[in-house]
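**Q** Listed below are the residues making up each chain.
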Amino acid sequence: MDQGILNLETLWFVLIAVLWTGFFFLEGFDFGVGILLPFIGKTDEDRRVMINTIGPTWDGNEVWLLTAGGAMFAAFPEWYATMFSGFYLALLLVLVGLIVRGVAFEYRSKNPNAAWRSMWDWAIFVGSFLPALLFGVAFGNLVRGLEIDAAGEYVGGFWALLNPYSLAMGVAAVAVFTFHGALFLTLKSKGVVYDRAVSVAGSMSIAATVILAGVMVWSYIQGDGGVVPGLLPILAVALLAASIWLVRSKIFAWAFALTGLTIAAIVAAIFIGMYPNVMTSTIDPAYSLTVFNASSSTMTLQIMSVVALIFVPIVLGYQTWSYWVFRKRIGREEVTTAPH
Amino acid sequence: MDAALLLARWQFGIVTVYHWLFVPITLGITWMVAIMETAWVRTKNPVYLRMTKFWGKLMLINFAIGVVTGIVQEFQFGMNWSTYSRFVGDIFGAPLAIEALLAFFIESTFLGLWIFGWKKLSPKVHVFTLWMVAFGTMASAFWILVAGSWMQYPIGYVINPATGRAEMANFLEIVTSKMLWSQFPHTIFVGFATAGAVMLGVSAWHLARKNHLEVMRKSAAFASVALLVGASGVALTGHFLGQVMVEVQPMKMAAAEALWETEQPASFSLFAVGDKENSRNAVNVVIPRALSLLSCNNLDCEVRGINDLQAEMVENHGPGDYIPNLFVTYWGFRLMVGSGMLMILIGALGVWFYLRGKLDEHWWFLKLALWVGIAAAFIGNATGWIFTEMGRQPWVVYEVLLTEGTNSPTVPAAWVATSLIGLSLLYGLLAIPAVYLFVKFAKAGPGEESENEDVAASMVY
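Protein chains in written order, with my numbering: chain A, 5 to 344; chain B, 196 to 656.
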């Protein structure tokens, strides 16, 4: 039965796509900064500069993930239940990464001991790299389709999730986020961190474009009955390729906007391609979870819609204000006045 | 019991109790630091800025662990309890999503503004950001309790006959549930009592050494008031909560009292040794009529016992053992109440000594506040949760859904063992730097007045 697209289920599918886009756009550069920490941050001071560029806002960025997860639970309990139990061990690693990274930000500079700081620097690197990779793998699997049985459960086990295509999506996520993070540093730092970020952005613009282009070509040629890619992946690669030129011309703000749009285009491609499925079954298309058979009741969706309609604009308002308050670039002098 | 289920229950218990060691401090201390900073903004008395800075740092060290362990809480319903999540998602998911949207965004964004905004915001706006964090923590407690109290007292729902799942029928009924409105104030008072106990304990350590007397006397006085008001509020709301329990979950209260037979009037048990084989107590020391008084405010009413309630459950739900773990509920309840009483006592002593100007004169009180006050707060918090959750068993949603069979069918015991061991190890290891930093900064004490200009730089990462 064709239920059209003007319904609450579709609205919530779109909203969840928006929440994931917000998460990948915002936390994407946090992950990128974390991944670049050992490469751009040669000294303790430089690493502090980098961490403080995302210091005031990383936690708010991460809440986009919690809201996306909560919204999936509320609007599509079947999707939430199948995906979170199915990706169990992968999500465990994501959790471990997010836990050590979050604590590291807060604890790292509260003790001058070098071994202490180096331990937390590792936690920030691993806690940024691992979730970036695994979220890419997870969405790669959503694209490919999964072994969903008649009961709507994922029965493929853990190792099947680490298939070459999904791993390639993971690598692409790491590459794009690292580039996105380098561009963020070009906008938010000064001094030697800025100089190194400019150079890293130059090489990452090419690397990320090549990797993403490869994975997108792969998406078109794999015929597993998963997502139909459409034209958005081509647009995503084109945007990223355009950023190579912008980086060379040192127009970093626009390059950053383009990496953001690239991320949005890929998330949109995945969600539009999946629709109306939320998890496509490779066992039998009839077993797929769809926005209609996985959703909550109309009443719950209505209540959630009202809440979202009121509060999402407010959240966007104060998060924007927070970015405005911390708009100034961070350099060594901002972190060396501390008594540590 | 199936191994995967057993392991998943242990994991839920461990990560939840651990999370709840840090969160009550957050619930209270954000308000208390916001009050200190407000006092500074209004009076410009530098003592208040030194207090804000000192307690604010301890607040942040604690906050970090509460935040990261909270992520696990949201994910593990789907990871470990997928059958449960499918069954309740329509009702249970909504408050979780609302919690993220209404509370987590406020807490995280405004805490970032507070930590990094010392030089960028005017003092009034700066203190406003902390008030927003305090409000956010309270909103978070409210929405998670909307979800949690529904499991204790499911109302405002229907079972959809086509899917066999619970669906929301009346949102208003769910957010005005008497269980929620007993648990929520109980939890908020717990926050003040816990933060008060920790703050008083740390202040006492300094007072005993005659360190930073001006800051620490003020802090100890403030903390004593928070502890006394908080712990008294906990007791009072706990009394109401208990009466709601007697009404909607009589089995939990009967288990808490090891009350096998229905009694009229009912006695309050002080010390019992159970004999589950024969459905009786081998030893039981009681206060006559006290349980009747607590349950229904008079000395004569009937309180139903475990045997009658078990028979009634069998009649309504079919054969089975509907009695929660009596050892845990009975002693959990006593430890919770005992810790609460100790906290009231310590808070009252603190207020009394403060009013007589002798807060730092009695070494025994300072030792008591440090060692017993803080320990009582943590023991009370842990046992309170264990009691209320274990006392609901064998149900996960009371009288609607049994815990057994609600764990994820596709998650084998080996996976759960991996996460149980992994998260327990990680949590255990994280406690080391958390406690180390907390003790380090607590012992270092507040900076001197001349260092006040550094407040901005000392908080950044």
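There could be a bad hint or two in this list.
Said to hold, decoys possible - Where chain B lies over chain A, by a calculated footprint (3+ residues, C-beta under 8 Å):
1. 252-264
2. 275-284
3. 312-326
What the hints assert, rightly or not - Here are a few chain B residues that face chain A, going by a calculated C-beta distance under 7 Å:
4. L291
5. H512
6. P607
Bear in mind the hints are in silico, worked out from the structure with no lab data behind them.
For each residue, glycine too, the CB sits at the ideal point set by N, CA and C.
**Q** Would you pick out the hints that fail for this structure and give their numbers low to high?
**A** Failing hints, ascending: 1, 2, 5, 6.
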